[in-house]
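Heads up: the sequence lines are chains A and B, in that order.
Numbering that gives the first Met the number 0 numbers the first residue of the first sequence as 0 and each following residue consecutively.
Numbering that gives the first Met the number 0 numbers the first residue of the second sequence as 0 and each following residue consecutively.
Treat each hint with caution, since some may be false.
[Claimed, not checked] Have a look at the derived ranges for each label pair, beta carbon to beta carbon: (1) B:Arg-91 <-> A:Ser-45: 46 to 54 Å; (2) A:Lys-269 <-> B:Asp-1: 23 to 31 Å; (3) A:Asp-351 <-> B:Leu-281: 52 to 60 Å; (4) B:Ile-110 <-> A:Lys-375: 42 to 50 Å; (5) B:Phe-61 <-> A:Lys-297: 52 to 60 Å; (6) B:Ala-119 <-> A:Ser-45: 31 to 39 Å; (7) B:Ser-277 <-> A:Lys-168: 34 to 42 Å; (8) B:Val-266 <-> A:Gly-121: 52 to 60 Å.
Bear in mind the hints are in silico, worked out from the structure with no lab data behind them.
Nothing here was measured: the structure is a model prediction, and the numbers come from that model.
Each residue gets a CB set at the ideal place from its N, CA and C atoms; glycine is no exception.
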Amino acid sequence: MKSALKKKLFVTAVALSFAMAVPAAGIAGDTIKLGVAGAQSGDLASYGLPTVKAAELVVAEYNAKGGINGKKVELLIEDDVCKPEVATNTATKLVTDGVDVVLGHICSGATKAALPIYKEAGVVVMSPSATNPGLTQSGDYPNFFRTIASDDAQAKTEVDFAINVIGAKKIAVIHDKGDYGKGLAEFAKTFIEKSGKAEVVLFEGVTPGAVDYTAIVQKIKRKGADAVIFGGYHPEASKIISMMKKKRMTTTFISDDGVKDDTFIKVAGKNAEGVYASGPQDNSTNPVSVAAIAAHKKAYNSDPGAFYENAYSAALALLNAIEKAGSTDMAAVVKALQTEKVETPVGNINFDAKGDAVGVGFAMYKVENGKYVEVK
Amino acid sequence: MDYFIELFFGGLTRGSIYALIALGYTMVYGIIGLINFAHGEIYMIGAFTAFIVATVLSIYGFPALAIIIIAGLAAAVWSSSYGYTVEKVAYRPLRKAPRLAPLISAIGMSIFLQNYVLLAQTSDFLPFPALIPEFAFMEPVAHIVGSSDLVILVTTAVVMIGLTFLIKFTKIGKAMRATAQDKTMAVLVGINVDRVISATFIIGSALAAIGGLLIASHIGQINFYIGFIAGIKAFTAAVLGGIGSIPGAVLGSLVLGLTESFATGYVSSDYEDVFAFSLLVLILIFKPSGLLGKAETKKV
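Generate coordinates for the entire structure from the input sequences, incorporating the hints supplied.
As structure tokens, this is what we get:
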């Protein structure tokens with residue numbers, strides 16, 4: 000422990016001395032330096048490598064067009080193996096090398112550890128994959144942006160839909176006691192309470208795999224809920240919805256990505272009709288997304304990996320903001336990110352004041368004639 | 000009051016579901032003092048067999064009643080052959096071994112059968128067809144008791160009465176009681192103990208298969224894991240009622256089902272299992288042999 004700390008101090012000291020040694024001219028050089036940080040080796044490399052490929056493709060495209068405002072874009076690629084303690088070193092190294100903006104980091108923990116260093120140096124950071132809600136919502140990091148929805152975005156989508164589209168006033172929130180289901184249900188409960196437009200009449204967990212859910216269904220009925228929000232997976236969801244239909248209930252059933260699965264429709268059969276579920280936005284008809292995937296196939300002869308589209312979008316958004324801002328100054332870039340819309344694989348996006356991409360995330364789907372159809 | 004009645008019938012159905020499986024546990028324990036952990040898997044295999052037969056028959060356009068009867072028979076025969084084989088392969092060679100050996104063997108069979116179905120069939124959830132039709136005369140009370148609830152309740156009652164009759168008044172029943180009392184003595188008076196034990200496994204497995212058919216039809220889905228969870232609850236119910244006793248298994252199941260239903264209805268479903276198992280502990284403190292179990296002094 001002690002030696003690790005010593006090492007860290009040593010690295011920081013070395014980095015600092017380098018930072019002082021490198022003349023300011025390096026930063027204002029004739030290239031724009033796009034840092035790419037994330038896991039590129041180790042267990043989680045498969046989460047980080049697609050981001051590197053996305054950055055390479057976007058940068059190649061920009062440079063082929065002659066760069067940004069006459070300057071070529073240069074990539075600085077650093078590995079943080081998704082570990083917070085390594086990420087601080089990665090960030091220090093990138094800042095020392097005079098990075099202008101950073102695409103990364105990949106994991107929430109590593110991102111959180113690295114952000115103060117970038118903030119200090121006035122570097123804008125955009126993650127394609129860090130979903131921890133606090134990164135943007137805490138307001139601590141004005142230099143942080145992301146092109147992926149945060150962990151609670153799904154619950155938010157469901158609650159907004161239940162209250163604003165369905166018009167539910169009394170909502171029963173049920174979950175399967177698991178990390179995913181209960182986490183989602185707790186976010187949903189908080190959002191409903193915050194909205195002030197509806198009340199949570201029931202918040203309970205069911206035991207997964209139980210032979211029968213009659214009692215909880217009777218309870219939902221007794222509480223007079225207009226809508227049920229269920230956090231969990233499809234086996235329990237199909238048992239609950241089937242039992243509700245058996246008890247002749249017409250309560251709206253809203254669930255999550257764990258239920259937005261064709262197995263749910265197969266198992267619940269006709270009882271699935273009319274069920275709503277949130278799921279990731281469908282980008283398959285977006286021409287930018289199609290082009291980005293085609294570029295990957297052409298360059299690497301394989302399908303892109305995890306977070307590729309988010310990373311491609313982040314690279315486009317960052318470079319576009321620098322182009323529109325006409326400088327790499329943090330305040331100017333942040334302003335451009337917030338005001339200038341850009342066409343990306345995840346949609347035509349800009350960013351809100353906290354750093355989340357507007358319009359990126361989850362959509363609601365409804366089961367109609369045995370298929371999930373997006374609710375517009 | 001309506002709510003109380005709804006919860007009461009919900010609990011009754013749930014209890015009857017447990018009872019259909021618990022009967023098999025209790026019969027085997029009553030005869031050879033073995034906790035047959037593979038029983039839940041026999042139930043699951045019954046449900047799978049019924050699923051396959053019912054799917055094939057509905058492709059050929061058989062009427063609903065014929066599908067239930069043929070699928071039920073096929074599942075009963077198929078599960079019985081599994082029950083018979085499991086006993087012969089995993090328990091009979093260990094009959095003279097210490098009690099722990101067949102217990103471990105039973106757990107092994109349970110894991111083996113689960114994985115066998117996982118590999119031979121699928122790990123997915125499969126939609127089980129609603130074999131029990133919606134009766135028109137049940138429609139006014141469908142929000143309290145559905146058609147499949149009614150069928151399960153009636154089946155459990157019939158099975159319990161039939162089994163009690165079988166054990167009390169038939170020749171094989173007499174042989175079973177004799178074997179349960181004293182295996183060596185039963186052999187001496189000319190009872191083929193091996194055959195009696197095989198018969199017990201066959202009957203228990205057939206019941207589990209019929210339970211599998213009805214319960215899967217009620218729930219609407221099956222996968223390879225359903226036997227494990229249902230088996231644990233049914234085993235609990237059998238212990239609660241006094242393992243080895245047929246009416247005890249049914250009573251224990253109903254008590255367990257009702258407790259869970261009321262716990263969910265009036266407290267919270269988060270505490271469903273807490274209430275169920277607290278009740279088990281309480282009953283075992285005051286009545287260690289279960290509600291209707293006979294106090295035994297020499298075993299264990």
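Hints, one by one, checked against the model:
Our hint of 46 to 54 Å for Arg-91 of chain B and Ser-45 of chain A holds, since their Cβ atoms are close to 51 Å apart. The supplied range of 23 to 31 Å is met by Lys-269 of chain A and Asp-1 of chain B, whose beta-carbon atoms lie about 28 Å from each other. The hinted window of 52 to 60 Å between Asp-351 of chain A and Leu-281 of chain B holds, with their beta carbons roughly 56 Å apart. Here the CB-CB span from Ile-110 of chain B to Lys-375 of chain A is close to 49 Å, well matched to the stated 42 to 50 Å.
For Phe-61 of chain B paired with Lys-297 of chain A, a C-beta distance near 55 Å keeps the hint of 52 to 60 Å intact. Distance hint check for Ala-119 of chain B and Ser-45 of chain A: the Cβ-Cβ separation is about 32 Å, which falls inside the suggested range of 31 to 39 Å. Remark: the range hint 34 to 42 Å for Ser-277 of chain B to Lys-168 of chain A is upheld by a beta-carbon distance near 36 Å. At roughly 56 Å, the beta carbons of Val-266 of chain B and Gly-121 of chain A sit within the given window of 52 to 60 Å.
Going through the hint list in order, the structure satisfies each hint without exception.
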